[in-house]
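Given the sequences, and given the hints that come with them, work out the whole structure.
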Amino acid sequence: MRRSVLVTSLVVLVVVAGLSLLLATRHPVTNATETQSPLLGHRAPALQGRELGGGSFSLARERGDVVVVNFWASWCGPCRVEAPELSTFAWHERHRGVVLVGVVFNDSLSAASAFAQHYGSLYPSLVDPGGVFANRFGVTSPPTTIVIDRHGRVVATLLGPTTARQLEAVVARVRT
Amino acid sequence: MTLTWLGRAALYLCSAGALAGLVDQARALRAPRASHALRYALVALGGVALAVLVMQIALITHNFSLAYVAENNATFTPLLYSVTGMWSALEGSLLLWVLLQCSLNVAVTWYYRRQRDDGVVQWATLVLFSVQAFFTLLMVGPADPFIHNAAHVLQGAGPNALLQDNPLVAAHPPLLYAGFVGMSVPFAFAVAMLITGRVHERWALEQRRWTVLAWGALSVGIVLGAWWSYQVLGWGGFWGWDPVENAALLPWLTATAYVHSVIVQDRRGLFRVWNLSLAVATFALTVLGTFFTRSGVLVSVHAFSSSTLGPLLIGFFFVVVALGVGLLAWRGDRLRAPIGVDHPLSREGLFVANNIIFVGFALVVLLGTVFPLLYQAINGSQVTVGTPYFASIAAPLAVVLLALMALAPLVSWRSADAAVLWARLRTSAWVALVVVVVLLSRHVTRVPELVAVFLSVMAAGAALRTLRTTFVAARRRGSWRQMWRAPSTGGMAVHLGIVVLALGIVTSTTYAERHEVTLATGQRTVVNGHVIGFYGFAHVNNALLNATQLKVRVDGAPLRPAVTTFHGRNGQTVGTPAIDSTLWRDVYVTFDAVGGTGSTSGAQIQSNLPAGSVVLGVTVEPLLAWLWIGGLMVGAGAALSFVRRRHTEQSS
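Residue numbers (this note's numbering), protein chains in the order written: chain A, 1 to 176; chain B, 1001 to 1652.
Derived from the structure by calculation, the hints contain no laboratory data. The structure presented is a predicted model; accordingly, all values stated were derived computationally and were not measured. Some hints could be false.
Only part of the chain B face toward chain A is listed, based on derived beta-carbon distances under 10 angstroms [as the list claims (entries may be wrong)]:
1. D1242
2. P1243
3. G1326
4. E1516
Derived coverage of chain B by chain A (criterion: at least 3 residues anywhere in the stretch with Cβ under 8 angstroms from a Cβ of chain A; other residues may be distant) [unchecked claim]:
5. 1312–1321
6. 1327–1333
7. 1589–1595
For every residue, glycine included, the Cβ atom is placed at its ideal position computed from N, Cα and C.
Here it is as structure tokens:
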């Protein structure tokens, strides 16, 4: 009996020590991290569909512009942090050959619309019933942002909440 | 400069009181003699009270010689939000925290003043002084609220817009902190019981009283937080499984398990190790929650300052857990009860089920909260765990909990007799069935709603039946006070509150209807049977804010949804929803967009709409107000439970 208490205590202690160490060494989140993706350098998958507001969007039509695709959901906390930043980015870059488009990730239409309205999002968002686009782009969790250059190639994948400044830096790098 | 020195001196006084109390208590334990704990606790309280006074004077008089005031206050901030400005950022929040911790220490040492030579009380006091010293030293060191601001500030930044939009800011954080701080008492006594080895005495029940008080404050604090976000955030929801929300929920879950399982220890002598573990876990989780809120390592809508406190808080968390676990391992063999649960369907069997669910859910929530960090550490990339994960687990567990609430109060201790149980269940089961049939005939057909209603009625029936038994017994003795003193009155009042709350949550989320309507001035439309009319714009421009309001009527009642820009903080703009709330339904109206080229600032501009037209977001949520009513009932029940215990103490 004594042993079982000892063993349990030891296990709990080791787990908690690991958790504490992990948490103590984390840095405050400020930017999204750029990650590797099998899509990098390849032609972006097709992205064509209906927008939340009722319009339609086609990636092929935007050839010649840099396209930033942001996967988001209303239930995702970091997306709430990121939403105003994305609007700022879209507004700054609107005349500079950059298009920002959102894709709703695993969310109800009403919740997504309410989210976009609440944050006064200044960019359109595609609906993605069945997660087709998310699958094509290999997106597993929002927010994920994918940058596509003027020739339609995927040049960057950002995971986590991004900022206007970070996106502007990535786009500037891509333009040249 | 005066305020800086005065504030710092007060904080030094507070830390000196805490540290001296700690040393004196340690020496008293070695001597052994009675300590002067109350005296030192009062010195510490006096110190922090003075510090709070200095901060409040600085905030109310907009004295920007303190950097904290310059950042969280402005010349035009009204009195209420000046006062609450103390907890709108990290350093000031710690001040409130320490004020509550010091008051609690005074309360505990005063309450046990006649037992101050008792080993358990002495060790517990030692632990409480240590906790107090830790949080006070944070302010003396890395989180100094009294940093001097040499620059000349004309106006000040003012609090965050969302923190000056609603008076609930005065109630939600203090209650939440009171709940967090209160959990240090059961922890301190658990440690004391383990060190002295006196785990078989009445201290476990003593702890329950303090825990119920803290639990009640935490519960009401969480519900008020939900109410606040519902009124302010503009999406019609009240809970988002945000890391900071989870941080408050985690200790609530383990504390709920604890207040139940201690009853079993009282009645049957079981679960001693388990109860002490829960007391330790609850306090550890409050520290971990503080870390989540204050370190900035998790992305959260609450977006509090990311500070350097992270490693210190997590270190403290580890010390708390290591101390608790180490002591449990050391004393483990003495604690185990020689008997077990006789029958799975006995009262104690159902308490076990209750505990498994609460603790299991706490683990699930904890995992979901830290999973993004784990994943990032292993994989280098980020993931988000959101509502779908939490809700898919919370919903079935809530159903089982309602079922337990329907059964457990009616089941006997030790044995299970189906016939007796059915006799007690029968009435409420039939009533529940009738209610469900009536709902079906009214075209309420969604299964989750029907299941929730059926179980809620049963649970309410079980609580009412228990209350009636005590009521009858009290009447027989001719004493009304007997009724309030009965052991289960407060608990059953809490159960009734939870039932009301659960019905509110299930119905409002299952039957919420969101619509968007476009209206020109003078136009009306019907949404879900409610007449929504738009009668033009109103502009409010005063010292505090600049708002464009819409004159809207919902079924004749005037509402003013708005887009508000608060001065200061670079003109932060927020949508301000307006709510028409009745007992049966809430109509939640937001100002979503405006037509034309936009002379109206803030709202989204839609150029394809004629100028002067607006887009309104209209959300109709049935029974939403039941959430707040249920939450207040829970608080009242917890208070009743606390008061009741004191009466029995005194009379015995």
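Hint by hint, here is what the structure shows:
1. For D1242/B, the shortest C-beta to C-beta distance to chain A is roughly 5 angstroms, which falls under 10 angstroms, so the interface hint holds.
2. Restraint check, P1243/B versus chain A: the minimum CB separation of about 7 angstroms is within 10 angstroms; hint holds.
3. Restraint check, G1326/B versus chain A: the minimum CB separation of about 7 angstroms is within 10 angstroms; hint holds.
4. For E1516/B, the interface hint holds, since its Cβ comes within 10 angstroms of a Cβ in chain A; the closest pair sits about 7 angstroms apart.
5. For a cut-off of 8 angstroms, the count of residues in the stretch 1312–1321 of chain B with a CB near a CB of chain A stands at 5, and the three-residue condition holds.
6. Coverage of the stretch 1327–1333 of chain B by chain A holds [criterion: at least 3 residues with CB-CB distance below 8 angstroms; count 4].
7. Residues of the stretch 1589–1595 of chain B with a Cβ under 8 angstroms from some Cβ of chain A number 3, which satisfies the need for three, so the listed coverage holds.
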